[in-house]
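Colleague: Sequence:
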Amino acid sequence: MDQFSIYLQRELKVIIHTQQQETPLSSTVLATALKNLEPIGFTFSPEVLDILHTWSLDTFIRWYKKLVKELCEITGFDRNYQMMYPRFPDQVMQMSDAQLYMNALIHYWTGMLPENDSTTDDQQPKIMLLDQVSLRVIRLGTEDEFTQICEKLLLAAAALPLASREHLVWFANHQPQWQQHTPEVIPNKENAAVFIAALISAKKIDTDWLYTHVQTATDILRIATALSNGDVSLATNTIFISFSRSQRKLILALLEKISNPLEDMFRYEGRWIRLGERLHPGEYRQRFPHTAMNFDRLRNGERPKTFYAQVEQAFESFADEQILDTLSKRPGEFVRRLDRMIRSGVNIDALLDRYASIAKEVSTPILLSVLAHFEKRSSLSPRRQFFPKGNTANLFVLNQPLAPLPQQVTSSMITVTEQALIARFAEQPDLGKIYIDPQLEKHVVPLGIRSASKSLRTLTRGSWIPLDAGDTLRFFVWWKEGLVNGVPTDRVDIDLSAILYNDQWQRIEQISYFNLRSDQFLAAHSGDIVTAPEGAAEYIDLHLPSVQASGVRYIQMSVNAFTSQVFKDLPECYAGWMMRQVPQSGEIFEASTVQNRIDIAANSRICIPVIVDIVQREVLWSDIALEQYPDDINNIETNRFSSALVGRAMTELIRPNLYQLFHLHAEAHGTLTTDIEEADLIVTAQLDQESLMRSIDPISLLPHAKMITPLDQDQILADFL
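Heads up: the sequence shown runs through residues 9 to 729, numbered per the numbering used here.
To be clear, the hints were calculated from the coordinates, so they are not data collected in a lab.
Among the hints, a few may not be true.
[Stated by the list, open to error] Within a straight-line C-alpha distance of at most 25 Å, the following computed DSS-like cross-link-like pairs (lysine-lysine) qualify:
| id | residue 1 | residue 2 |
| --- | --- | --- |
| 1 | Lys74 | Lys462 |
| 2 | Lys384 | Lys160 |
| 3 | Lys714 | Lys441 |
| 4 | Lys265 | Lys197 |
[What the hints assert, rightly or not] Here are the computed distance ranges between Cβ atoms for each label pair:
| id | residue 1 | residue 2 | range |
| --- | --- | --- | --- |
| 5 | Ser13 | Asp152 | 57 to 63 Å |
| 6 | Gln29 | Ala243 | 24 to 30 Å |
| 7 | Lys77 | Glu685 | 36 to 42 Å |
Small disclaimer: the values here were computed from a predicted structure and weren't measured.
Positions of the beta carbon are idealized from the N, C-alpha and C atoms, including for glycine.
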């Protein structure tokens, strides 16, 4: 990982400079380079081309090779896509059931692929790729813009996903004068812990700066967890490392400065006891007496009366004032229990008054979640969905609807919440005229992205995006066996499946390794590969007009690890989808037609990357990783009922959306406009800015107009939450 790869991955920008050469680069070389980038799905901006023209051939070739290697990593273009039927989907559609069955048996018994006819894939005539692809533009960046990435990451109001946390660690290790690019306040405790731990490991920490960013014992536990490469969300246990003496002293010194840390320590009692075994606080009793005493009380079980016990006691006594006073001590907990207080009969007027007085102390993400909850409260479905905290995007579904609330009550809650958000946003600089795309209602605010998988285009779980033009939807998965941390994976069998449902989520058909094609519509599976020492791929083609004619509305993509490994223990595994006008056109894997792809690296054996609504021609970005379905056998056929429940719950998900967020900003410190050409700020749902610019006259835009899309998560998290 270096500056080049981080900037390219995050913002698709490069830093290059003009070079004075006697023989500058010819237009022929650049044209050839551009043509070679097209199959991968990329091109250069005019500014980049102007600079590259000044380079020598040798300099350009070295830089271009590095660029192509990085782009191939991003898209998966350079993988060995070994598959059972190289002339997919024709071979599958033309073979008899008996031949397909025998081929599968031979492969399962021997690991050998079936012999294909004498007409090899290379000899088979191909149809020219007819699809109109939209190339992503590589733009010119600057050193200043690159250094601002670190500050944006630290200003994020939500816990960052793994890839972004890795980039934070890189900045901590490699960015000189890091304090100049660090905000006074790091809003999210998990992000702060990752960054602080990296600074400690690099021996670059400033203790005065550190004390200003650590307020609770849990903050310290997160730092110790990050130093041990554990789960800083604290959703799972961590095996703590043997800390160096200087690290032990630093952690104990931090804890000594915390006022009344014992309640926090008892919240994670087992972890603190294990951490104490690594810190040896008794050795430093003279230097850190309060810390040593708190560890003694922890081991002896001298538990103080906790805040949560006080809350439950207040609810049990039905004492309105006691409930309000107790919860007001922690505004975040107050807001999380608004619905419960209403259902418990707390006086509404008193509740609203108290809520209005403390809302300014509640974080923006929590207020937005409250707003979305009460806006849909009167029309809640019978199912409730929860994503538990942690690094795995597991989904819990409860068939226990909440008791209904009066419309007047929910309206009052919405009003107080909106007023609090508008007052907060009004303190920010004026945004000028803002154009907000109505389609942003389909895009979720990037909250809860901690467990988000790395992807070609980073979307927020629960967002809907349009399906590209074309009649044939092609799912794909690629994986590889090998070594992970020096341990062999042994044989790995990954299964790609598509489950098809009607509009009531009743299963109509499945396309999978045991059902390679459908009798009801045009669909084909490329064949079940059960081992991948050199890498292997599986595909599913679905002809959408014939699928819809069979009564199907939803198609759920599923990737299952049939063998025992979880995805994080594989060298590589990713999945995604393409759209084709003609199934047999172009290569089997045509990178430029990939609409999105996801790196599957969760601690699970089941992944549901996307759900397709073919009636609305939209794709729901689900990115769910399930540890196990209730059934014992891990395949789609035995899990169809659970799959339907998960799919239905995802389509009913209630989350704050970007349209709502930017409307609040417009009301607070901007002016809403419906004329995109007069806007100072354009917030659009189009993920491809080039397509948007082609639809309007760029000359008529204000010269300083800025544009934000749902892909600009860093900016949204840092500047608008």
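Colleague: Would the pair lysine 384 and lysine 160 pass a check requiring their Cα atoms to be no farther apart than 25 Å?
Modeller: 32 Å, violated
Colleague: Given the range 36 to 42 Å, decide if the beta-carbon distance of lysine 77 to glutamate 685 lies inside it.
Modeller: Because 40 Å falls inside the window, the suggested range holds.
Colleague: Is the hinted pair lysine 265 and lysine 197 satisfied, with a Cα-Cα distance of at most 25 Å?
Modeller: Between lysine 265 and lysine 197 the Cα gap is close to 18 Å, so the pair holds against 25 Å.
Colleague: Is lysine 714 within 25 Å of lysine 441, Cα to Cα?
Modeller: The hint holds at about 11 Å.
Colleague: Does the beta carbon distance between serine 13 and aspartate 152 stay inside 57 to 63 Å, or does it fall outside?
Modeller: Taking Cβ atoms as reference, serine 13 and aspartate 152 lie about 19 Å apart, which means the hint is violated.
Colleague: Taking 24 to 30 Å as the stated bounds, is the beta-carbon spacing between glutamine 29 and alanine 243 within them?
Modeller: 55 Å, violated
Colleague: Verify the proposed pairing of lysine 74 with lysine 462, using a straight-line Cα cut of 25 Å.
Modeller: Holds. Lysine 74 to lysine 462 sits at ~21 Å (cutoff 25 Å).
Consistency note: the structure conflicts with the earlier hints numbered 2, 5 and 6.
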